[in-house]
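A.B. asks: One letter stands for each residue in the lines below.
Protein chains: 2
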Amino acid sequence: LIGDMLRQEGFDLVLLQEVWSERDYSDLKAKLGGCYPFSHYFRSGVIGSGLCVFSRFPILDTLLYQYSLNGYPYMLQHGDWFCGKSVGLVVLAWGSRPLCPCSCQLHAEYCREKDAYLPHRLVQAWELAQFIRHTSKAADVVLLGGDLNMHPEDVGIRLLRGWTGLRDAFAEATRFEGCEDGCTLIPNNCFTVKTELLPFPLGIRIDYILYKAVSSFTVKCEELKTTTGTAPGMDIPFSDHEAVMATLHIRRQGQAADGNLGTAEPTLVDVVTEARTEVGVGLRAAQRQRYSTGRMAVLALLLLLLQATLGTLAGLAAGQPFPKLSFSLLAFFAIGILLLATGLHLFHTIEVKMLQGTEEQLRMALRTLQEHP
Amino acid sequence: LIGDMLRQEGFDLVLLQEVWSERDYSDLKAKLGGCYPFSHYFRSGVIGSGLCVFSRFPILDTLLYQYSLNGYPYMLQHGDWFCGKSVGLVVLAWGSRPLCPCSCQLHAEYCREKDAYLPHRLVQAWELAQFIRHTSKAADVVLLGGDLNMHPEDVGIRLLRGWTGLRDAFAEATRFEGCEDGCTLIPNNCFTVKTELLPFPLGIRIDYILYKAVSSFTVKCEELKTTTGTAPGMDIPFSDHEAVMATLHIRRQGQAADGNLGTAEPTLVDVVTEARTEVGVGLRAAQRQRYSTGRMAVLALLLLLLQATLGTLAGLAAGQPFPKLSFSLLAFFAIGILLLATGLHLFHTIEVKMLQGTEEQLRMALRTLQEHP
Numbered sequence: 001l002i003g004d005m006l007r008q009e010g011f012d013l014v015l016l017q018e019v020w021s022e023r024d025y026s027d028l029k030a031k032l033g034g035c036y037p038f039s040h041y042f043r044s045g046v047i048g049s050g051l052c053v054f055s056r057f058p059i060l061d062t063l064l065y066q067y068s069l070n071g072y073p074y075m076l077q078h079g080d081w082f083c084g085k086s087v088g089l090v091v092l093a094w095g096s097r098p099l100c101p102c103s104c105q106l107h108a109e110y111c112r113e114k115d116a117y118l119p120h121r122l123v124q125a126w127e128l129a130q131f132i133r134h135t136s137k138a139a140d141v142v143l144l145g146g147d148l149n150m151h152p153e154d155v156g157i158r159l160l161r162g163w164t165g166l167r168d169a170f171a172e173a174t175r176f177e178g179c180e181d182g183c184t185l186i187p188n189n190c191f192t193v194k195t196e197l198l199p200f201p202l203g204i205r206i207d208y209i210l211y212k213a214v215s216s217f218t219v220k221c222e223e224l225k226t227t228t229g230t231a232p233g234m235d236i237p238f239s240d241h242e243a244v245m246a247t248l249h250i251r252r253q254g255q256a257a258d259g260n261l262g263t264a265e266p267t268l269v270d271v272v273t274e275a276r277t278e279v280g281v282g283l284r285a286a287q288r289q290r291y292s293t294g295r296m297a298v299l300a301l302l303l304l305l306l307q308a309t310l311g312t313l314a315g316l317a318a319g320q321p322f323p324k325l326s327f328s329l330l331a332f333f334a335i336g337i338l339l340l341a342t343g344l345h346l347f348h349t350i351e352v353k354m355l356q357g358t359e360e361q362l363r364m365a366l367r368t369l370q371e372h373p
Numbered sequence: 001l002i003g004d005m006l007r008q009e010g011f012d013l014v015l016l017q018e019v020w021s022e023r024d025y026s027d028l029k030a031k032l033g034g035c036y037p038f039s040h041y042f043r044s045g046v047i048g049s050g051l052c053v054f055s056r057f058p059i060l061d062t063l064l065y066q067y068s069l070n071g072y073p074y075m076l077q078h079g080d081w082f083c084g085k086s087v088g089l090v091v092l093a094w095g096s097r098p099l100c101p102c103s104c105q106l107h108a109e110y111c112r113e114k115d116a117y118l119p120h121r122l123v124q125a126w127e128l129a130q131f132i133r134h135t136s137k138a139a140d141v142v143l144l145g146g147d148l149n150m151h152p153e154d155v156g157i158r159l160l161r162g163w164t165g166l167r168d169a170f171a172e173a174t175r176f177e178g179c180e181d182g183c184t185l186i187p188n189n190c191f192t193v194k195t196e197l198l199p200f201p202l203g204i205r206i207d208y209i210l211y212k213a214v215s216s217f218t219v220k221c222e223e224l225k226t227t228t229g230t231a232p233g234m235d236i237p238f239s240d241h242e243a244v245m246a247t248l249h250i251r252r253q254g255q256a257a258d259g260n261l262g263t264a265e266p267t268l269v270d271v272v273t274e275a276r277t278e279v280g281v282g283l284r285a286a287q288r289q290r291y292s293t294g295r296m297a298v299l300a301l302l303l304l305l306l307q308a309t310l311g312t313l314a315g316l317a318a319g320q321p322f323p324k325l326s327f328s329l330l331a332f333f334a335i336g337i338l339l340l341a342t343g344l345h346l347f348h349t350i351e352v353k354m355l356q357g358t359e360e361q362l363r364m365a366l367r368t369l370q371e372h373p
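Note that the protein sequences, when read in sequence, are chains E and D. Its first residue numbered 1, the first sequence is counted upward by one per residue in this note's numbering. Its first residue numbered 1, the second sequence is counted upward by one per residue in this note's numbering.
In isolation and in its complexed conformation, chain E is listed as follows (with noise of 0.2 Å):
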């Protein structure tokens, strides 16, 4: 269905998320290879983001970057831990310069009043705006699709457009027909879940077309449309996201845009602010995992060295009556809790590090912002 459409709309360029199976990818390769003779799958994590580029335009070069925090495998339940996020940029021969637009994911919310995820997604969204600014330099328009996975007033957006100065094509389409205010998870989908969307009656909008021109050039987004429930003439829709289409204007004109940051300093400040906060929230989460996880190492080995030294006093004491099997099941247990723990340890131990860094570099960009503003 998706490819249907995709051969009937002829866009010039589509950048898709969670084509999970790379069968399904080779399908829609070969079902829009007539219009679409450009492609590219980035491959990462176990099963993979999902991310793929379909393009008219010929595909040069592509640079995959996957953000260093990612949830927790042992959440087997939300699994994105296991999908390795990631961005991933293309480079196009678009007409006689370059046009690299990305696509990307970043981490699900499961429950927004209790978001256990934000630091994790925060700090992919600090690395997604990172990435944008420092492979984006020489290019004359930068342009990000995906499903960021969060509302556009949420801090990690906020930070993601202050930072990069990423403008929103919802925000400026002049003309706009969709899902009201834009919403790409809507209740009167079938494959969303009804009660996550209770709170929000009209669905919410986590899929997004960004842009800015950096060069001499200007970007209009004339038109931005999305696809609104079922497919047309069908009874079920294309996904469980809705699609979002957007007509955007570039032309080579007027002066130079402005520089790096896009909003206004004390705003951006702010939002650094904010985001930091979040971080160091995290940050003492996962210290006290980290200190908690160690600590149960230890206490295995404790408990694995208590069993040996009785083991051995009972091997002198022969002949008395010694509970073989429940000795057995204890050292066994002990062993798995200490190899689960160490594992653990290590993981929440990266977990630090990764949040420290990027708290670290944010409070850099504050001192940035207010040093060189």
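Honestly, the hints are just simulated from the structure, not real lab data. Model, not experiment: these values are computed from the prediction. Please note: incorrect hints may appear among the correct ones.
[Stated by the list, open to error] For each label pair, taking beta carbons as the anchor points, the in silico distance ranges come out as: (1) D:ARG295 - E:ASP27: 27 to 35 Å; (2) E:TRP20 - D:THR247: 49 to 57 Å; (3) E:ARG251 - D:GLU223: 44 to 52 Å; (4) E:LEU366 - D:ALA30: 41 to 49 Å; (5) D:MET364 - E:CYS35: 17 to 25 Å.
The C-beta atom is built at its ideal place from N, Cα and C for all residues, glycine as well.
Starting from the structure of chain E, add chain D where the hints point.
C.D. replies: Here is chain D on its own, set in the frame of chain E:
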């Protein structure tokens, strides 16, 4: 000793690797505050790669890229996996323009004859090359310094140099002073393993300073020096590797430098083909390991199911003597194998994905080289 030497020499820029402990970094920072007022420490992995930068110029921004493959967590005796090897980029305010030097380290080579880590190091060399290409598009001058763990003639370094156009300061230097052939791992350093250097009586050169001018600048290496074993007036060396020190003359002058690719295309095609072959060898090895760990997990699961069935039968036929101890031990053994094999299977799945991704990118690079020379 390192701090004293750096303070005495008064360089513009210092790129360090393997500063494992943050405490050591803090000590260096305190000691060097006077001559290098700006510094940054990059955090990654469990231990960290120990990358840090000391600079006379203000640091405006930083970016860390962790390689997607870096050895195996179960190779505890090598431990590279725990370091999260990476490349760190800093943006310096260099006069009125930014200068972006990178500090990096690649996976170590433990056995040259049977180098199991070659595919991983090639993936890293390729990711490093891509990272430099994509982040240096607006730079005037690119500088890369680090422990690349590759001999000058190795395919990885030829790929990195060919694909980025970086030049080797040792080969270009007008004057050279230091260890013969510019070696940085030499037998008469008391920290090196003498047996590993037996085939190389002079030592090997695995630490590099690479550079290129991108826009209308020229860079010339006027002098290159290495330390030579022991520190002056002492009987111990600064480190197990010799330090590399370059005096670079950067001038705004001359023609715009040559394009993206530095060496002649036909050679580069050969290098990329060679790298692709090696990555392909690694891919097939990883696929075999993924298969065998998956099979082991399935066998462990079957053993557990068999035990559960036997246990139920034994429970039905009560009164029979039943070997509880060996039965429980076997069950715990099977659970242990199941968990371990599943973990390894996931790890090798990620390895296969990343090797496939790199192989495809190298194929795309070959096509680009052939179509757009």
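A.B. asks: Look at each hint and say if it fits the structure.
C.D. replies: Now for the hints, and whether the structure bears them out:
1. D:ARG295 - E:ASP27: 27 to 35 Å: Given about 29 Å between the Cβ atoms, the range holds.
2. E:TRP20 - D:THR247: 49 to 57 Å: holds (53 Å)
3. E:ARG251 - D:GLU223: 44 to 52 Å: This hint holds: roughly 50 Å between Cβ atoms.
4. E:LEU366 - D:ALA30: 41 to 49 Å: violated (23 Å)
5. D:MET364 - E:CYS35: 17 to 25 Å: Holds: the Cβ-Cβ distance is about 21 Å, inside 17 to 25 Å.
Violated hint: 4 only; the structure is consistent with all others.
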